[in-house]
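Novice: The hints should help you fit chain A onto chain S, whose structure is shown.
Protein sequence lines correspond, in order, to chains S and A. Heads up: the first sequence begins at 1133 in my numbering, then just goes up one per residue. Heads up: the second sequence begins at 1133 in my numbering, then just goes up one per residue.
No lab work stands behind these hints, which were simulated from the structure alone. C-beta: ideal position from N, C-alpha, C; glycine also. Any given hint could turn out to be false.
[To be verified] Derived DMTMM-like pairs: lysine to aspartate or glutamate, alpha-carbon spacing no greater than 20 Å straight-line:
| id | chain 1 | residue 1 | chain 2 | residue 2 |
| --- | --- | --- | --- | --- |
| 1 | S | K1283 | S | E1245 |
| 2 | A | K1283 | S | E1332 |
| 3 | S | K1283 | A | D1356 |
[To be verified] Coverage of chain A stretches by chain S, computed from C-beta distances (three or more under 8 Å per stretch; other residues unrestricted):
| id | region |
| --- | --- |
| 4 | 1160-1171 |
| 5 | 1210-1224 |
| 6 | 1244-1256 |
| 7 | 1294-1308 |
| 8 | 1347-1353 |
There are 2 protein chains.
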Amino acid sequence: MSDARGFEPSCPAPVGRYGQVLMAHGGGGRLMHELLERVFLPAFANPALAAGHDASIVEAGGARVAFTTDSYVVRPLFFPGGSIGTLAVNGTVNDLAMAGARPLALSAGFIIEEGLPVETLERVVASMRAAADESGVAIVTGDTKVVDHGKGDGVFVNTSGIGLVEHDLPILPASVRPGDAVIVSGDLGRHGMAIMAAREGLRFESAIESDCAPVWAPVRELLDAGVEVHCLRDLTRGGLASALNEIAGAARVGITIDERDVAVREDVRGACEILGFDPMYVANEGRFVAFVPEADAARAVELLRRHPVSAGAAVAGRVRAEGSPAVRVRSLLGVTRVLDMLSGEQLPRIC
Amino acid sequence: MSDARGFEPSCPAPVGRYGQVLMAHGGGGRLMHELLERVFLPAFANPALAAGHDASIVEAGGARVAFTTDSYVVRPLFFPGGSIGTLAVNGTVNDLAMAGARPLALSAGFIIEEGLPVETLERVVASMRAAADESGVAIVTGDTKVVDHGKGDGVFVNTSGIGLVEHDLPILPASVRPGDAVIVSGDLGRHGMAIMAAREGLRFESAIESDCAPVWAPVRELLDAGVEVHCLRDLTRGGLASALNEIAGAARVGITIDERDVAVREDVRGACEILGFDPMYVANEGRFVAFVPEADAARAVELLRRHPVSAGAAVAGRVRAEGSPAVRVRSLLGVTRVLDMLSGEQLPRIC
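Just chain S, with the same shape it has in the complex (with noise of 0.2 Å):
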């Protein structure tokens, strides 16, 4: 578990501190950030990586081409409602929705432990040819790599994106504006707390699935109807609490949510109160949020209620043109508090 609390915002510790990469380096949380900001953004450095979004443009002869990476290190490798396969697939397809883009192509990039069965990556083989059929993306370029026993976990799986942007729309932080209105697509948690009951055994009344979903659809859906799409965020990683936190920092806005509008299946809450996490931060992986004109807001809850995958919609806070501290939210009582950006991730490899 981390704790934010050792940290002040205006002083962040720098990752030198430690010396050694942690596991919460990796948890989507602020000591991510530090590492992020220490290490990679500076070698990297280019207009494109700077913009902090899921997903980059680059202008390919006159198209623009949205161009999206990540690994998938998610133990166990099958769960209820999912597998790395069907996370590494509808995740990659939802950075680039993310960025309005149409998903066109993924590759896939095995890292495999000797001593896997064949078995085993068939299933998350099938998994992923699911998950891209669901989505009309083709899986065009690949490559397999395998690595001593003890030197890996089964199957480490990256896939890379690219899609297609066809508006103007920048779809960016920086693009969120003071009085947006801030959507979140749907309830929060349940990709977290079915990883949770997988890992350690436990059984909860319900089995609860995780909400591992592509949400291409619901976005397009938005942008054919001309919605001024300011932002949109997956709410992976660190959860709300931590796309918030991000997108509040890129664009030097403040956001108030209001914790009644914010759903959370009740076998999710139960779960989250026993084992002490707060669904905030707990990662999804079919729930992203959308930042759009007050003017607009009722017009977006409404399309994107016509996608199964985002039938739980509703607007769930407004964006301050005050900062500090970013991110707030209004309780059940009416108490407001910070929600904070988490030192690292409640529970590591989620994804």
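Specialist: Structure of chain A alone, referenced to chain S:
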């Protein structure tokens, strides 16, 4: 070490005979192709993947975009002449070049083992930046995951790349024709022997440095000059022998190589002899083979020699109409032998 003799080319052993993934399944040889043919190709069936090339071409808004991916698991992370970082950038740039595509942008995905010194990560990232700058490509999108100590091996790097195809040549194995000249771009075996020496702590008279380098510049030279390039393939895992076997198999032709016309440096040849390696099978990271019509061969060699990375280019063989046994090599003594595909790879985790 792997041995191909247990396999009849006409009746490959099924992957399922083993039931588990072996190191040899990652070696670029026959076993890896069996894994691809049994597990990956049927599941992901599509024309782009079936073309069997290093990069696939995707139509994106009127542009022809080449797309490729590779994961890098080389041990050690740093070796004479390069690092996992230079390898990851040059390897993917070269896969784009092998499709005749101008490299536009790369992604970088890191799977880091808990406990890796941050300073090591910084060195890897700095080497990637330097290699990217050399090829004029930006690393525009990335991802970082951390796995538990003992579940990884320092750091694994995935790079995917997109490039732009700006010509009409179908540069593919299927374009290879009987009579084509087979041009090898330089001396063989340096990368493999550099890794071997670094891994085993061997000291030869002179340190053998990896040939790791980008090859887009000489490929562009061929394309700009209007050489009718039929196929290109970099000589990585499995070396020249595997590349020729792959292409001969896909194009349903035979290939005869003259050993006299394949350069191997004296120190590399000596190291190979001591260690029992055949340079024809040793991995390279800055070498490729080009198939061009006989009429274009002399001009192509002259153009390639203008670039330091391919200064040693020479016509090393010819494509034959008949295909069995597919690849033959005429030795320095004038004896012709079969150059079969190995089962695995002489040296695991070479890239």
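Novice: Examine the region 1160-1171 of chain A: at least three residues should have C-beta closer than 8 Å to a C-beta of chain S.
Specialist: holds (count 5)
Novice: Would the hint linking K1283 of chain S and E1245 of chain S be met if the CA-CA limit is 20 Å?
Specialist: holds, 7 Å
Novice: Are K1283 of chain A and E1332 of chain S close enough, with their CA atoms no more than 20 Å apart?
Specialist: Cα-Cα ~18 Å, so holds.
Novice: Within the region 1347-1353 of chain A, is the number of residues with a Cβ closer than 8 Å to a Cβ of chain S three or more?
Specialist: Answer violated; 0 residues pass the 8 Å Cβ test.
Novice: Holds or violated: the region 1294-1308 of chain A covered by chain S, criterion of 3 or more residues with Cβ-Cβ distance under 8 Å?
Specialist: Our answer is that it holds, as 3 residues pass the Cβ test (under 8 Å) against chain S, meeting three.
Novice: With the threshold set at 20 Å, check whether the alpha-carbon distance from K1283 of chain S to D1356 of chain A stays at or below it.
Specialist: The hint is violated at about 44 Å.
Novice: Quick one: see if chain S covers the region 1210-1224 of chain A, three-plus residues with Cβ-Cβ under 8 Å.
Specialist: violated (count 0)
Novice: Three residues or more, CB to CB closer than 8 Å: is that satisfied between the region 1244-1256 of chain A and chain S?
Specialist: Since three or more residues must qualify, the claim that chain S covers the region 1244-1256 of chain A holds, with 10 doing so at under 8 Å.
In summary, the numbered hints that this structure violates are 3, 5 and 8.
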